[in-house]
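Chains as they are written, first to last, in the numbering used here: chain A, 1 to 266; chain B, 1 to 656.
Be aware that a few hints might be false.
[As the list claims (entries may be wrong)] Label pairs and their in silico Cβ distance ranges:
| # | chain 1 | residue 1 | chain 2 | residue 2 | range |
| --- | --- | --- | --- | --- | --- |
| 1 | B | ASP462 | A | GLU197 | 44 to 50 Å |
| 2 | A | VAL89 | B | ASN532 | 46 to 52 Å |
| 3 | A | GLN212 | B | ARG530 | 40 to 46 Å |
[What the hints assert, rightly or not] Computed, partial: chain A to chain B, Cβ under 8 Å:
| # | residue |
| --- | --- |
| 4 | GLU142 |
| 5 | ARG146 |
| 6 | ASP149 |
| 7 | GLN154 |
| 8 | ALA155 |
| 9 | GLU198 |
| 10 | GLN200 |
| 11 | ASP201 |
| 12 | ASP208 |
If you are wondering where the hints come from, they were derived from the structure by calculation, not from laboratory data.
Keep in mind the model is a prediction, meaning the values are calculated, not measured.
No residue lacks a Cβ here, since even glycine has one placed at the ideal position from N, Cα and C.
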Amino acid sequence: MGAGLNGGRTIGDVVLDLQGISLAFGGVQALQEVTFDVREHEIRAIIGPNGAGKSSMLNVINGIYHPQQGTVTFNGVTRHSVNTHKAAVQGIARTFQNIALFKGMSVLDNIMTGRNLRMKSSLLAQALRVGSAEREEMEHREAVERVIDFLEIQAYRRTPVGRLPYGLQKRVDLARALAMEPNLLLLDEPMAGMNVEEKQDMCRFILDVNDQLGTTIVLIEHDMGVVMDISDRVVVLDYGKKIGDGTPAEVRGNQAVIDAYLGISH
Amino acid sequence: MAQSDTISGGNVDTFPLLLLEHARKQGNRIAIREKDLGIWQSWTWAQVGNEVCALAGGLAELGFRRGDSLAIIGDNRPRLYWAITAAQCLGGVPVPMYQDAAASELQYVLQDAGIRFAIVEDQEQVDKLIECRERSPGLEYILYDDARGLRHYSQPFVRSLDAVQDLGCGRIGKQPQFIATEIAQGKPEDVAIMLYTSGTTGKPKGVCITHCALINAARGGCAFDRLGADEEILSYLPMAWVGDNLFSYAQALVAGFTVNCPESGDTVMTDMREIGPTYYFAPPRVFENLLTQVMIRIEDAAAIKRGVFHYFMDVARRCGAEILDGKSVGAGERLLYALGNVLVYGPLRNVLGMSRVRVAYTAGAAIGPDLFRFYRSIGINLKQLYGSTETCAYVCLQQDGHIKLDTVGIPAPGVEVKIADSGEVLVKSSAMFKEYYKRPDATAETMDADGYFHTGDAGFFDQDGQLKIIDRAKDVGKMASGALFAPNYIENKLKFSPNIREAVAFGHGRKMVCAFFNIDIGAVGNWAERRNIPYSGYTDLAQKEEVYALVRECVEKANAELALDPALCDSQVHRFLILHKELDPDDDELTRTRKVRRGFVEEKYAVLIDALYSGKTSQFIETQVKFEDGRSGKISADLRIEEAKTYPSAAAKKAA
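Bound-form chain B, shown alone:
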């Protein structure tokens, strides 16, 4: 880095400056790796510095100016991360978007953010943007990373990043101080990144986050868990998600650790085993899928292995989490656990690629307590954090040794949390978003005069000062009896079963709780194969009597647990059905982060809900679906509706 020496004095308080500092101080250490053609390729911090400068120079050469937005779309590729820094070098605003979004969804963001430049991964994204460009001609350049299939694209506005970097090198050759001057103009209060919220309601909003806020969040998080330059992480979460931005970008630049990009979305499991990350972050869904895959393989294993597995998992359930927390556990149990560690937990951690994980976090949605406990009991230090895009995913963190299954920990350093009278969680912190892009009305709605951000989540502090989130404030309802109805809480309980992929519970204003289910086609399909139950596809399998019995078992187990908690006893699921199709973001039933759009689902399947509450035993339904290639078709089925056993509350039992 020739330029770096010229920047001196002042604080290192923007991302380009952080990069320059790493390039100077630990220039020969590995900053980022990517697996390509079966081999891990790496770049040192010094190399990354040069790549970013070349990219920034090229963008400037094409006319990218201070204040411009740069769309970034694709899987986690080193050059896409560099594009973020390159835009920031020039005082621009990177806007990462979900790579699986359809052209029409991208269109909205492109127009809303007034995007002129887009850096994308491959042909798939280029095609989508070319389609978008027909309707929003404001998009001036589409720059791609992977040239495959793009040889014949003759449009002058489609260019390769190689060509852009060549342009940049030319510019830097002529004007060596150019990038350094640009970087020096950046201020910590400039917007560093704009992330569009998935929006369970309404159109997505652009959340503007400043350098200073994101760096505060990253510094706070690194200090809290003592993360240093030696960490290894695997970046495989969507770049458009605030979580990835904090962990793979902001924290990596603050702490200077190594980011690893997997070969492709399908190889994450293998790549994870090869890298052995020390720090890991995933939404609950990923942990859920991992567990499902493990359980499928265990069920297929020989009887002896299965027996050993289940025996030691029982041991782990009894004492694993306590041992991890350093609590006192009897010598006999300790010995058994140590044996289990050799025979089961160690190999299992290895299969999961988590042998070296020192700190793992989950966030993005509430995690089922049983799921959470599973990972902790096999010795993985999985913790929860609480945050949102607006708060840079940085509000509450769980401390090592003070882990509770149902709380999200204590307020993070520099964050003030209070509970409104309505039960809503309010946050004030130094890692707060600046505003919603061009939406002062929305900003004013969520940010009150005292500077508190209204999270929209309902929660309370327990006696140890840990925050417990129950549900979305607007989702929490009351049943006809006046009892509390927290749908997410119930659903997470139900979803712990590997057989259930999605659950939607209803009960607000009703006298009982009913639920829709999606079965997990992998787990249940495998189960059906082992029992010689023939089926043609999801719709067919979902309506099998045996599958209903399987799901009923899971529901009744959850009911038994709910009955133990006096506040939630009334939330036991009385009647349920298995949907004929999987809930899908393409049909707007889930958000891109795969959260259920409750209101939409409720409206779309109103006829099913009526059937659940009217006591019918079956209901015919026909649904329009969108296929991956954009065509649409219909799925229809006659859905069974079944009842599940409910239990009297623990209090009632005591009285009897």
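Excised from the complex, chain A in its bound form:
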């Protein structure tokens, strides 16, 4: 990794605290008493075999699922009821494993949707492009352009997302999430299905986002090389239970984790 990584970024206090989270779908226990926290500015990875409950965990943080037991505390506020909209208002953005973009819309318009929450003027004002709405749109466009520059997708502004290769669609998905200017960014398998070069690019972008924008990141990833390289701390789930938690080195040395996931140590 490049010189000066982690150099200026100081990991702060706990921003997201998950205590004893249990989630069940009928008879299926997706998560059992999972407890962990995420600190400000860190890159926190969630790993585990298929069906371990990783995406469910992300969905809990994101407000899609409400856990039957346990508490979620974000920025010091414990949630009682939450939905995705509230989570977004609180500054949580995410990308999706299967890319959730409008395939027929241009890259620019897709990223613009990420600004949706920040648009103040009314639908009518926007439709008529009255003065304030137009000014606002220009501000949002500037924010979007900064993201486009950041993720180096200038060449595709006007291209419909559906025509882009998979790796670039993933990048646009990230751009849309970044356009929200989130405090906490949830990435669901950002490298899935990518080739080596695309993975390297994505790693660089994630590190840049974390380092330069100071965004706290929680990510799910299957590529162990990537996880070990870029995360500050890793939590390991297996059959809905937490079986390991710590720095990549600690997790790598944890026997329960090795048995469950990484296979026999070499």
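Following the hints, complete the assembly by docking chain B onto the known chain A.
Chain B only, in chain A's frame:
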């Protein structure tokens, strides 16, 4: 420009003086634009003058002295162009380098030129130079333009250009006459720039070019094509290439026209459409790629559009170039062409971003006649010029209305060209390089006592006094039959097909010509998709039977054309193969300007050449490759070898 008023009298014969003059005379006109965050930002000549002075002041403050060299590495960014002028203000020598060169390649130049200061674009280049600095500690400062990702670099020798310009403003504040005094000390015979030749053979050499030579070349070129301050150009070619230096820097400063820097390498096509340059310069490869992209899109278009396109392209092929040259063409054809102009050529020029192009040049390598004719036939005034780094890319130019497909035009104003007995082209001009840096032996080798530069190209003048270049003098060989063998000429013919990206022909001392090919993965991949031919990557696709058939078709078409020319009839390609990997500068198979290193390729793939000539139908090969991240791996494949149909010569046919 406060300083400018103090410089008076004398000729404007160095680049800093040219800049000051523009800042004074047309200070409010746009000198340079750059697209940033989706919007074109512009700087007037007066602003550029101030920016350059601040930069020069800052460099001086850091200890840059007269005679020092300044490395410049990066994409075409306004501040990197200003860095050239800033170094020249202080009597230093800017040395632009290829931005895609690996650290080890940069290292050689850094040491050879004794570089203490480097101005680079971004983190990527800073990282490379930090690596270089470990082995050549002579590099004192690395100054960067784009701060992204560099926040945590705490090394004291890594600084931002903003900081340097602030230093410079401080210096100028204390000593307002400082820059003007420095500029006044510059002489036209000082070295203005040092460009390292890509070197198809041996280590690169630093070509020292003086202000006076480069300004002569630029003035001559501007006068020849009547270029004025109203031109718009897009600067996207590597700054280390003499072509970019002449067009985007020297001519821009001489004529005072506007230079536009694209947003990034990937957006050139879009940016070109937005700017609509009036003057355009590109090596043949760019024109080739543009054509390939157009053809891919046409093949994907609906049947009606495709039909219309092909119909009118046939019309253009028949009469387009003649109409552009102002020759007489029948009224019926003219009418058809006018219709085609509305339906096809106009929109096509627009897609290519060439609607406003008044003069376009190509140089750097020989352009395939068919490719050349394509652009001219759709109404783009594409012309060829001939030159090299040593001659400031200024030897021969084609005149409007006197365009021939296979010549490079007449000697430019102020240039004398003669042909040696060996067929080599010799040049004497006022736009000649001074010397190779620290290489008097090499200088003496190419520059004879009478002041003629030996270009290393073989050529002759045709009956109209236009120079025709056949090939590199050392590449031109003889076949076993004694017939002329000009590999580049054959390869360019083969490469006109959008499906063929690279061709390497062999035949010197042999009884027949054989060739290697690289297919164009974009064009052929698209073609394969449309035919539902599955493939996993380049190596797999290249060995498909259908792809071989496709390439054979192209080879046979070229053979048919070669058969028409009695001198080249023996050069028809008999046997060929498609390589399992793309020839790559990282593997030393191509130069950074993407010319084939013939000798190297011949040696590396000797086993394949043997197989071609021994009549085998396939050959196994394993090759070491370097990936972009510096790791290396192996690619192996069993390559098919196929034969192509050859044709009897036109003369033989007549006899029969």
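Here is what the structure says about each hint:
1. Here the CB-CB span from B:ASP462 to A:GLU197 is close to 49 Å, well matched to the stated 44 to 50 Å.
2. For A:VAL89 and B:ASN532, the Cβ-Cβ distance of about 49 Å falls inside the hinted range of 46 to 52 Å, so the restraint holds.
3. For A:GLN212 and B:ARG530, the Cβ-Cβ distance of about 43 Å falls inside the hinted range of 40 to 46 Å, so the restraint holds.
4. Annotation: interface hint on A:GLU142 holds; nearest CB of chain B at approximately 7 Å, less than 8 Å.
5. Taking 8 Å as the C-beta cut-off, the interface hint given for A:ARG146 holds, the closest approach to chain B being about 6 Å.
6. Among the interface hints, the one on A:ASP149 holds; its C-beta lies about 6 Å from the nearest C-beta in chain B, closer than the 8 Å criterion.
7. Look at A:GLN154: its Cβ gets to within about 5 Å of chain B, closer than 8 Å, so that hint holds up.
8. For the restraint placing A:ALA155 at the interface with chain B, the shortest Cβ-Cβ distance is roughly 4 Å, inside the 8 Å limit, so the hint holds.
9. Taking 8 Å as the C-beta cut-off, the interface hint given for A:GLU198 is violated, the closest approach to chain B being about 12 Å.
10. Annotation: A:GLN200 was flagged as interfacial toward chain B, and the flag holds, the nearest CB pair being 7 Å apart, inside 8 Å.
11. For A:ASP201, the interface hint is violated, the least distance from its beta-carbon to any beta-carbon of chain B being 11 Å, above 8 Å.
12. A least Cβ separation of about 6 Å between A:ASP208 and chain B falls short of the 8 Å threshold, and the interface hint therefore holds.
When the structure is compared with the earlier hints, violations turn up for hints 9, 11 and for no others.
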